[in-house]
Structure formats: C-alpha cells, structure tokens
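Listed below, chain by chain, are the residues.
Number of protein chains: 2
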Amino acid sequence: MEIEFLRDIGQRLFKEISLFKPQFNTTALGRGASGDTTFPIDKLAEDRIIEAFEKAGAKINIISEERGSKLIQENYPSLIIDPIDGSKNAVSGIPFFSTSIAIAEGETLKSLKLGYIINLVNGDEFWAKRDEGAFFNGQRIKTRDNTMPVIIAFEASTPHNAVKQILPVLKIANRVRCFGSTALDLAYLSRGALSIFIVPTPSRIFDFSAGVLIAKESSAIVTDIEGNSIENLKIAFNTKTTLLVSANETLHKKALDLIK
Amino acid sequence: MEIEFLRDIGQRLFKEISLFKPQFNTTALGRGASGDTTFPIDKLAEDRIIEAFEKAGAKINIISEERGSKLIQENYPSLIIDPIDGSKNAVSGIPFFSTSIAIAEGETLKSLKLGYIINLVNGDEFWAKRDEGAFFNGQRIKTRDNTMPVIIAFEASTPHNAVKQILPVLKIANRVRCFGSTALDLAYLSRGALSIFIVPTPSRIFDFSAGVLIAKESSAIVTDIEGNSIENLKIAFNTKTTLLVSANETLHKKALDLIK
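Protein chains in written order, with our numbering: chain A, 1 to 260; chain B, 1 to 260.
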C-alpha cells in the first residue's frame, strides 16, 4: 500500500461528502466500538475506506473507530482508521473535520509506516511515509523553528479538568485554539501553523496515529504530557495516551516545565 | 443598502480568495488602526468592501479594523467591517476565517440593522435584518432549544487569564471549542451548533456587530459576561465589550451563575 492509494480514497470521500453532505443527517445510528455515537457520515466514510482495501485484496488487520478491531492474521500490517475525526463538529454543522488513515507494520507505534489526513471541508491533504518526510498538498513541510509560542492548541474530552491541567502552559501562549479534530491539529502543527498541541485526557489510537507520524516526519517532538516516549505503545484498539506535541525541542521543554 | 448588496460583495471576495489565496502571503504590511498586524489578505478584503460601497455612492460612515474610523457626516448610518475575522488562522494556514459586515442606523448597538458573515473557506453565508430573522444560506435559522450545554466556545486575546475566568462555566460543558473567529462563533451558534459562547476579554465592535445581530435574530441571548445589556454601547471604533451569548435563556442563567 502506498500514499497514492490512500489519497485516492481520501479524494473520493471528499467529493462524495462535498456533494451529498451526509453530515447534515444527524440521526444517530447507535454506538460504535469506541463508545461514541455513530452518525451517517461516520458510517459512510468507514464503509468507503474498508471497501477500498477489501477490493484491493489487502492483507491487513483493521482498527477502526466505529467497527472496532478485525484481526485477520497475526503478522499482517494494521490499518488504523478514524473515518471522521471531528464528528461532533461535522454533525453540528461546523466545517472542521477530517479523515485519518494510518498503516503500521509491527506491534508498536514505532512501526507506523504511512499516515494520511484529508480536511473534508477544503480538501487539504497531509501525508507522511516513515523516514521520507511529511507533505502538504504535495509540498514538503516542516514545523515552526520559532521558539516563542504563538498558537497553543488543545483537545479535551472532559473540558473542565483538562483545561485546568493545561492552564499553566497557556501562560506562554499568544493565542489558544481548540478545534475539535486531533488529526487536523497535528496536521496543521506539522506545516507550521501551531507551536504546541496538548491532549491532557487520553487520545485514542485512531485519532492520533496518522497525525503523529506526519508530525514526527515534519520534525515535531512527540511525547505524552509527562514527557515519556509513546513509541512502545501497542498497536491495539484500546491504546490511548495523552499527548504533548511541539514544533521544536525548545518549545517542548518549556511546555513540560510548565506542566510539572 | 440591502442584504443582497452585502452578499454580492461577500461572494466575490470568497471567489477571489479561493482562487488567489492571499492568506499564504504572510508579509506583514504594518499595523492597522486596531493595533493588529495587517496582512495582504486583510488589506485586499477591506479594499474590496470599501470600493463596493464607494462605487455604489453609499452615504455611510465607516468603522473598519485596518483603516479605522471615517466619519463623512454625523447622521449617516455606519458601516462596521472586519475584513478578515480570524486573520491569525488565515495567515497560519488554518482554514477557519470569515468576513463580517454590519450596518447600524443610529448611535448605539441597538440600532444595528443588517449583519452579514461569510465563511471564506467554504462559502457558508449568514445574515440577518433587524426584526426579520436570521438566515443561513437562505434558510431561516434558530438557536438550540436544548437546555443541556453541549459545545461551549470561547475566544481569548489573553489566553491564560481568560481561560482561568471561564473555567467554572466549563463544568457544564460536554465539549469546548476555541476557533479563533468571533464572527463565525456567533454565526454557528445562531444555527444551533453551539450552546454558549463566551468572550471574557473585551471583543471589538467590528468583530462582533454582524454576529450579535444574527444571534439576536435567531433568538440567542446576548449580554456582557456580567449579564448587562450591550444595547446602549456606542457605535464607535473604540467600543469593546466582553460577551456572553447563549442559545436560550436557561443556558444563559446557568452560565451567569457559574461565572459569578
């Protein structure tokens, strides 16, 4: 599987969603494997992605937000999908959501090989292949060099406690953002838009996998909020971790010092 | 001046910006009247709006973020423009920014007559005429009836203090958002996407005027964060106020109680 295969899926999804706007159908379809409500847009995106891999006869295990885990064979690579990252935005009518697809070859996050994110509102595409760099719409990208924090973004599934926890870091923020799509936060940080991105409440493997690879390949520093490596976390449906992702080492140290 | 005149300006701006992407030219052009940095996209948008009014021979005083105040004649109506609301997003490459245009007939905010906002990323349009309701892409809109808060959004020019101040309100939030465009926060709240929107650090007249009229016409409750009416604030370049805007009276009371 190569990036062009993922781009083809993403671009077709972007066209279908632009045309038929399934996000405006807010009839809940029940709960997905992750426990979150599944909406028609989530199901449509997941179906399209899995269909494409099945049609291509891909020998791959699947970890996906709605359907959960599908193990075909132990030694196969893993496909890690968030069909719609930012579902809440999508079904609320807020135009900021994406699709996130990652492929890992081994048993831990260190083995992430491909990452692809498409902004389903304007078609912005981000991708990375391990050791080959990160790209935005075909152009090589790098994080900000600037060591003064400009925009600090966060995500929080439990707002009050999470915001309380990151409050010290906001002392050095010029602006704060909370967009509601972890994949897009990581993508835009990778191309220099954000200085620091924090997720103080555990983020799920399908939310961050593609974004974390793109971030690393654009030279971001990625750890959990205590500064520990996340490289040895297992590729598994239930894997969760807090995240601290910074545009450079200096910013990362500043953020860690303030959190402690 | 009618809504169709404002929509014509907005749609032409949306096309020009989609095509030429002036947001990616991040060479600062100096500081505008508001003190913020002016970027090519801010100047382009402001020029287009003011040109259109001049060409139409409009007898109107102008209050605009970059050029400041231009008083033609005391008793003329006022045009209140934020050429690009969410400039920081735009020049950072984050696709969430808008144009906000309002017209007031008298001396205070109570006299706001027309409000128009266009999302410059996807072309979503919101408008309102006093006492005639609010609209999204031509359809009448109303805020959420639900009295349980789902998404609470905020804006903060000084992140640390502002976030500290709104922390108590986040106790009742299911999700939190900070998108970086006051005009769009007000617009999406008006069509039911957000429950509560808070700006604890003073927001400027050009950021909120169009959005406040749209919010009121879609039955949102609008006060400052202490619960005071903002209706008697002067239509003037330097007018600023904190904001608390809720989808309904019950949510507004809950938020006020928590802030106090």
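Possibly wrong hints are sitting among the right ones.
Because identical chains share one entry, a pair is satisfied inside a single copy or across any pair of copies.
As the list claims (entries may be wrong) - Calculated cross-link-like contacts (lysine to any residue; reagent style SDA-like; alpha-carbon spacing at most 20 Å):
1. K240 - A56
2. K171 - T27
3. K55 - T201
4. K43 - I3
5. K240 - R31
6. K171 - K253
7. K21 - G138
8. K59 - D47
9. K88 - M148
10. K260 - I72
11. K70 - T147
12. K129 - G93
13. K254 - T158
14. K113 - L44
15. K15 - L233
Keep in mind that the hints were calculated from the coordinates and are not lab data.
Against the structure, the hints:
For the homomeric pair K240 and A56, neither the shortest alpha-carbon distance inside one copy (30 Å) nor that between copies (58 Å) is at most 20 Å. Taking the shortest alpha-carbon separations for K171 and T27, neither the intra-copy value of 41 Å nor the inter-copy value of 27 Å comes in at or below 20 Å. Proximity of K55 and T201 under a CA criterion of 20 Å is satisfied in neither setting, with 37 Å inside one chain copy and 54 Å between copies. For the identical chains of this complex, K43 and I3 are neighbours neither inside a copy (23 Å) nor across copies (38 Å), given an alpha-carbon limit of 20 Å.
Only within a single protomer do K240 and R31 lie at most 20 Å apart by alpha-carbon distance; the minimum there is 19 Å, versus 44 Å between protomers. For the homomeric pair K171 and K253, the shortest alpha-carbon distance inside one copy (14 Å) is at most 20 Å, but the shortest distance between copies (30 Å) is not. With identical chains, the CA atoms of K21 and G138 are at most 20 Å apart between copies only, with a shortest distance of 17 Å across copies and 26 Å within one. With identical chains, the CA atoms of K59 and D47 are at most 20 Å apart within one copy only, with a shortest distance of 17 Å there and 56 Å across copies.
When the C-alpha separation of K88 and M148 is checked against a cutoff of 20 Å, the pair qualifies only between copies, where the shortest distance is 16 Å, while the shortest distance within a copy is 32 Å. With identical chains, the CA atoms of K260 and I72 are never at most 20 Å apart, being 42 Å at best within one copy and 56 Å at best between copies. In this assembly of identical chains, the alpha carbons of K70 and T147 never lie at most 20 Å apart, being 43 Å within a copy and 39 Å across copies at closest. In this assembly of identical chains, the alpha carbons of K129 and G93 never lie at most 20 Å apart, being 32 Å within a copy and 22 Å across copies at closest.
Taking the shortest alpha-carbon separations for K254 and T158, only the inter-copy value of 19 Å comes in at or below 20 Å, while the best intra-copy value is 24 Å. With identical chains, the CA atoms of K113 and L44 are never at most 20 Å apart, being 25 Å at best within one copy and 42 Å at best between copies. In this assembly of identical chains, K15 and L233 lie within 20 Å of each other by CA distance neither inside one copy nor across copies; the values are 35 Å within and 46 Å between.
Hint check: violations occur at hints 1, 2, 3, 4, 10, 11, 12, 14, 15; the rest are consistent with the structure.
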